[in-house]
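*Asks:* Here's the letter readout for the chains.
Number of protein chains: 2
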Amino acid sequence: MVTGLGSRFDTIVESLGPLCVGIDPSADALRAAGLSDSAEGVLEFGRAILAASVSRVGIVKPQVAYFERFGARGIGSLEMIIREAREVGLAVIADAKRGDIGSTMDGYADAWLGHGPLHSDALTVNPYLGFDALEPAFSRASIHGATVFVLSATSNSNAEQLQRATISGKSLSALVARFARERTGKDNTVGVVVGATRGLAESGVTEADLDGLLILAPGFGAQGASLSDLSTIFGAASTRVIPSVSRSVLNDGIDNISRSIDRHRKEMGL
Amino acid sequence: MVTGLGSRFDTIVESLGPLCVGIDPSADALRAAGLSDSAEGVLEFGRAILAASVSRVGIVKPQVAYFERFGARGIGSLEMIIREAREVGLAVIADAKRGDIGSTMDGYADAWLGHGPLHSDALTVNPYLGFDALEPAFSRASIHGATVFVLSATSNSNAEQLQRATISGKSLSALVARFARERTGKDNTVGVVVGATRGLAESGVTEADLDGLLILAPGFGAQGASLSDLSTIFGAASTRVIPSVSRSVLNDGIDNISRSIDRHRKEMGL
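Those protein sequences? They're chains Z and W, same order as listed. Reminder that position 69 of the first sequence reads as 69 in the numbering used here, one-by-one numbering, no gaps. Reminder that position 160 of the second sequence reads as 160 in the numbering used here, one-by-one numbering, no gaps.
Any given hint could turn out to be false.
SDA-like cross-link-like pairs, simulated, lysine to any residue; straight-line CA separation at most 25 Å [claimed, not checked]:
1) Z:Lys186 <-> Z:Ala236
2) W:Lys170 <-> Z:Arg164
3) W:Lys170 <-> Z:Lys186
4) Z:Lys170 <-> W:Ile167
5) W:Lys170 <-> Z:Ala236
6) W:Lys170 <-> Z:Arg178
7) W:Lys170 <-> Z:Asn158
8) W:Lys170 <-> W:Thr206
9) Z:Lys170 <-> W:Ala201
Simulated from the structure, these hints should not be mistaken for lab results. The structure displayed is predicted, hence computed values, not measured ones.
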């Protein structure tokens, strides 16, 4: 089984493009899809998205919170989604936004980037406890060619409450990008999350800050940004952006996810 | 079943004091305890700590990462530990450091502070995506008298990489405390995490910043701070501090956890 997102990013882009489809089985999404709000419902929902994603996109991103709602049984459904996605060649970004220190961070790295049942090709993490505290995740990722996406600038309206804070005139979001550039290697071990609904300027990062980094960009589709604006938003950095769509893939109903994905591909010129 | 940590904090302190015992089944801790590094091992480890904690302390704090390592089966063990702890009257702080936005944050709030199998009396969260983004957790917590502890200043040596950033001269750690003071109510719905190994001054928060807040303080015991120094470190705020010890409760081996807890109680003058 080929593993890791970072080490095969170029291959994925060459064959299917960089579009990423989110798997977000919220209570609302399940209701809209006519599925039960349960561990069985999130599994069925995830499988419907996987079936429509195969041969249309190369990357999927399950949002862990929606599975965690059902405790062990929900995490069991997530295990199956991750395994089935990887078996058909989809790269999985576990959107878990974990972050801790020392041996606790080891634990999270082990959970998502180790050999256990949640083994994914990439993981999102939170830098509030210090960039260096995330090192266990970076080390694990580099073993499997995986990528750790560190939150830099997020797409929500009150993100700037903390992210606009500065050290020596540099915003936190830019600092995170700088640390990431210093740590990432040829296999894209470290990337960043930069929300797309605000322009780069408002996010406190510049194209130069992002130079050479893989960028996971949520906020497309239902959250406001249009995929056709990707190069306007990210400029020179746009060739390394992984735009993610979630709620909007359900616009035509759960039986027509493939049609919604095709429309998004067209918006990107794929 | 009486629930929530915030609403019964005073009662807990009156009967057993504020000491909190961590449940941290890392690979190293399991090895030292002679237990297998597996979902069964973390369950057995957790149960040993629960047995020694009853009638000695009022609060336990499972570290979620160590259970998550084993996927659904590990989370299944955590469900049992949480339920068994609450059944014997221990208040459970789920140390998960979750943080996200919108309906995703709803998902985490639902998972840990809702009616599901991981329902706990308190949850730790990460503010990097904005303090307001955590509102779903605060709302949920207030329903059950639970407490959401927001990371403010952590005890690791590279925490200041981001936490020393400022907005209008205020450190992030102080800003988080200010937001928490504005949002917490009479039931201690919102508290903060302030690491104890560094003094308050180095953490960028003052006693005044913490006025009226419940403070979860990891970093005692094995990580360096002594419980007898609690009032020196936290000053006037020390009456509302929940000091947490983890690795050091294993100093006398897994068969003598109660002895280690008794020693810690003595250090606190309990």
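*Asks:* Work down the list of hints and note, for each, if the structure agrees.
*Replies:* How the hints compare with the structure:
1. Z:Lys186 <-> Z:Ala236: The given pair, whose Cα atoms are some 19 Å apart, holds under the 25 Å limit.
2. W:Lys170 <-> Z:Arg164: holds, 12 Å
3. W:Lys170 <-> Z:Lys186: violated, 38 Å
4. Z:Lys170 <-> W:Ile167: Holds, at about 11 Å.
5. W:Lys170 <-> Z:Ala236: At roughly 35 Å apart (the allowed maximum being 25 Å), Ala236 (chain Z) and Lys170 (chain W) break the hint.
6. W:Lys170 <-> Z:Arg178: holds, 23 Å
7. W:Lys170 <-> Z:Asn158: holds, 18 Å
8. W:Lys170 <-> W:Thr206: holds, 11 Å
9. Z:Lys170 <-> W:Ala201: holds, 23 Å
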